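Chemist: Here the protein sequences come in this chain order: P and B.
Read left to right, the first sequence gives residues 39 to 444 (this note's numbering).
Read left to right, the second sequence gives residues 12 to 462 (this note's numbering).
By construction, these hints were calculated from the structure, which means they are not laboratory data.
Since the structure is predicted, the reported quantities are computational estimates derived from the model, not experimental observations.
Glycine is no exception: its CB is placed at the ideal position from the N, C-alpha and C atoms.
Treat each hint with caution, since some may be false.
To be verified - If you want the footprint, here are the derived chain B segments under chain P, 3+ residues with CB under 8 Å:
(1) 37 to 48
(2) 112 to 121
(3) 255 to 264
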Amino acid sequence: MSKFVLLASASALLCVTAFGFFDQGKDTPKAANQTQAIVTATTAFLNSLSADQRQKVQFPFTPQKTATAARFARTGGPGGPGRGGPMQGPGARPGTPGQQNGQHPGRGPGGSGMGPGGGFIGEQYGQAVWSNFPVSDVPRPGLRMGSLSAAQRDAAMHLLQVALSAEGYQKVLDIMGSDQALSETGTPYCSGTACYTIGIFGEPSSTKPWMLEFGGHHLGLNLTMAGEHGVITPTLTGAQPAVYTSNGKTVRALARENDKAFALLDALDANQRRRAILNYEIHDLVLGPGHAGETIQPEGLKAFDMNEQQRAMLLDVISEWTGIVNEAYAIPRMAEIKAGLNETYFAWSGPTSHEPGRNGSAYYRIQGPKLVIEFSPQGVGGDPTMHVHTMYRDPTNDYGRRFITD
Amino acid sequence: MKTKLVILVAALSFALPVFAHRLDEYLQAIIVSVEQGQIRASMRLIPGVAVSAAVIGAIDINGDGVLSEAEQQIYAQKVLRDLSLSIDGQPLKPRLSSVSFPAPADMKEGTGEIHIDFAADLPAGGSHRTLIIENHHEPRMSVYLMNCLVPQDRDIQIVAQNRNQNQSYYRVEYVRSGGGQDAWTSRWRSTLTALAPFAGVPSMFRLGMRHIAEGTDHLLFLIALLLPAPLLAVRSHWAAFGGLRHSLIQILRVVTAFTLGHSITLALGASGLVSLPERPVEVLIAFSILISAAHALRPLFPGREPIIAGGFGLVHGLAFATTLQNLGVGVWQRIASILGFNLGIETMQLIVVAAILPSLIILSRTPAYTVFRFTGALFAGFASLGWIIERLFDVPDLVDVVVDRVAVRGAWIAAFLLVISIVAWFRHDRQNRRNIITEKPALAESEPAVA
Chain P
39 MSKFVLLASA SALLCVTAFG FFDQGKDTPK AANQTQAIVT ATTAFLNSLS ADQRQKVQFP
99 FTPQKTATAA RFARTGGPGG PGRGGPMQGP GARPGTPGQQ NGQHPGRGPG GSGMGPGGGF
159 IGEQYGQAVW SNFPVSDVPR PGLRMGSLSA AQRDAAMHLL QVALSAEGYQ KVLDIMGSDQ
219 ALSETGTPYC SGTACYTIGI FGEPSSTKPW MLEFGGHHLG LNLTMAGEHG VITPTLTGAQ
279 PAVYTSNGKT VRALARENDK AFALLDALDA NQRRRAILNY EIHDLVLGPG HAGETIQPEG
339 LKAFDMNEQQ RAMLLDVISE WTGIVNEAYA IPRMAEIKAG LNETYFAWSG PTSHEPGRNG
399 SAYYRIQGPK LVIEFSPQGV GGDPTMHVHT MYRDPTNDYG RRFITD
Chain B
12 MKTKLVILVA ALSFALPVFA HRLDEYLQAI IVSVEQGQIR ASMRLIPGVA VSAAVIGAID
72 INGDGVLSEA EQQIYAQKVL RDLSLSIDGQ PLKPRLSSVS FPAPADMKEG TGEIHIDFAA
132 DLPAGGSHRT LIIENHHEPR MSVYLMNCLV PQDRDIQIVA QNRNQNQSYY RVEYVRSGGG
192 QDAWTSRWRS TLTALAPFAG VPSMFRLGMR HIAEGTDHLL FLIALLLPAP LLAVRSHWAA
252 FGGLRHSLIQ ILRVVTAFTL GHSITLALGA SGLVSLPERP VEVLIAFSIL ISAAHALRPL
312 FPGREPIIAG GFGLVHGLAF ATTLQNLGVG VWQRIASILG FNLGIETMQL IVVAAILPSL
372 IILSRTPAYT VFRFTGALFA GFASLGWIIE RLFDVPDLVD VVVDRVAVRG AWIAAFLLVI
432 SIVAWFRHDR QNRRNIITEK PALAESEPAV A
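Build out the structure end to end from the sequences listed, making use of the hints.
Modeler: The structure is reproduced here in structure tokens:
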């Protein structure tokens, strides 16, 4: 009898242990593996390039204390200081050494990049440039998709697929498709999928920090990796036109960002809504490129005053940005945001409804201790439901600074 | 398909090909940083394509297509002059820190960004300060953004932000638990630091005083309830003066009941134990004013004013509580803040009552009081009706404008009232003496009535 009990409990124990070992639940990806996978894909991409191209796409990785606003002129390279110094007064600031990498604009008269600081503001971090403007206005360091061969382009897009989540990758495609639709109407600046630029900063490594940039008009992805950490702040997304047709299908870019936020607003009761809806108009992003490290006084409705369902909906909205990057990086990031959710504010300004199948024209902001998201339809003379800029930052960890110890 | 897309996209945007960039607006965004002795601000100005010519024209005075350093400085100074800055009501003069201009060609594309950084020194002041920034630069073509940074200095805490609809007006209220100027103040401050949770009490006190001073609806309710306090009800009318003792006791009971009522719900609401939707509370408050106004015309609940005051006080307290909702501080600090805030409210309330009390007492002995009582009751009644409509149906009307205009001159009105009441009393007194001498029945005498 006792032998039987012993045998039974031993095998039960064995089963449980085996179960625990092999069943990883939802197969939670390991972040360190993820970095390795990105390194592999990046190396494959780099190997597909010629030596000349490789020189144009790869830059040193120079972590800074903070990113700075820098001026760029349309007809040339960056006119601002090259090493991320603070933007100074007016005056000629020719491109500094270290900026010779190929950033020749696709159109417009050739320029030397000299002369007074240009009109466009971008955010400079070392040699990386974060901006929403077309690449002919604010040149990005790196190689344009249009300058790559088909195989090289595939390698680059594969790299993105590995680095981003499936939804994130689709979002990037949607945004690029939107810019492609824009380019077909003819623009005096570089537009379309060919203009999107990829840049690599530092040596791809699964232990040492390095950075990947991908962007162009209405897209600015910065992915900083350091060992098992992957940080995608600051990132901006946007679209114009927000609704377009591609391969016979109607695509609405950033639809989920829009719809989920409206759903959250609808789920609030009247008292909560009164606190969430600001009584003034907001016409543009407050903390876009050039505002690194700034934290504005939060306003709106605190998640502390939301019920469980509403908090889940808020996290769902946030996940549209945090979930752009692959799951292994996104999960710890969401955990960090959840930890500070009580002190996270949701603020709304503008109409509280939208036409089905279209984005709305209202601005909203989500701000927490380690998070700022802004969704800003641009009514700059056109239809605001068709033109939107968004930004996503972590003021405590933009460019992954927290994970870079040097 | 492609043609349809092209037409669709073209139709959905303006004819100008550069519709990806700013078109017909002049965006001006200010971010201000509040520090102990000064404020600093950075301003971005981005003229849209359609307005760029006008803006460039305003900067390029000599029209040579180049924005010289001198022209840039002149324009920047002009922009600063078009801003109004004030601290605690005192105007501030901003000084230019740095400017940065794009080339005119970039501005024509709607993406040129002008940067103007400025600062202003703050005069010495109390621990609760109000900063107001107004932007009057090119209002017809501009859209504005106004924000303030979370203060780097941990001793400074932003308490409230208010903007008007288009953000051309921005008010920031903040408290400083520091800024001691002399040795005595700093010793006092270090004592306070030991009682850290209570360090914010003086500023909360001031906030409370300010809150009810601006809470014209709360004050109107109280005043309307006090109007008939010195009188005695006879059947369904207000009759003569009930005597000094009666008046004082009545007033005391009403004020105490109101205080108790709103203190209870202020504490409950501010500590998060009770939470009611804002709109019904606001409507109820307006309704309470209507009731007390009606009661001042004809006695609806004679002798039971304290109950009404206490009952409606509970509603008013909920409105006070919303001010303290976003304090985000620890438990003890919250309790201390509620206490301080409430003390502030009571103090200001006492001041208001004391200001009109002598006039009430004196004037109510004269027949002129009826006129005053009617005027006050009708004013409160109409204001409350307007507020009810406004708060129920979200229809903005002139009530706030009118009431605020009156409230602003409150002290003058109180003083004027006192003068009137003294004059009226003298006249009435002289008339009485004359009546006694000529043995005519005195005016406005009535038989003693049941209160």
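Chemist: All hints are to be evaluated individually against the structure, with a verdict given for each.
Modeler: Against the structure, the hints come out as follows:
1. 37 to 48: holds (count 3)
2. 112 to 121: holds (count 8)
3. 255 to 264: Violated, because only 0 residues of the segment 255 to 264 of chain B bring their Cβ atoms closer than 8 Å to Cβ atoms of chain P.
Going through the hint list in order, the structure does not satisfy hint 3, though it satisfies all others.
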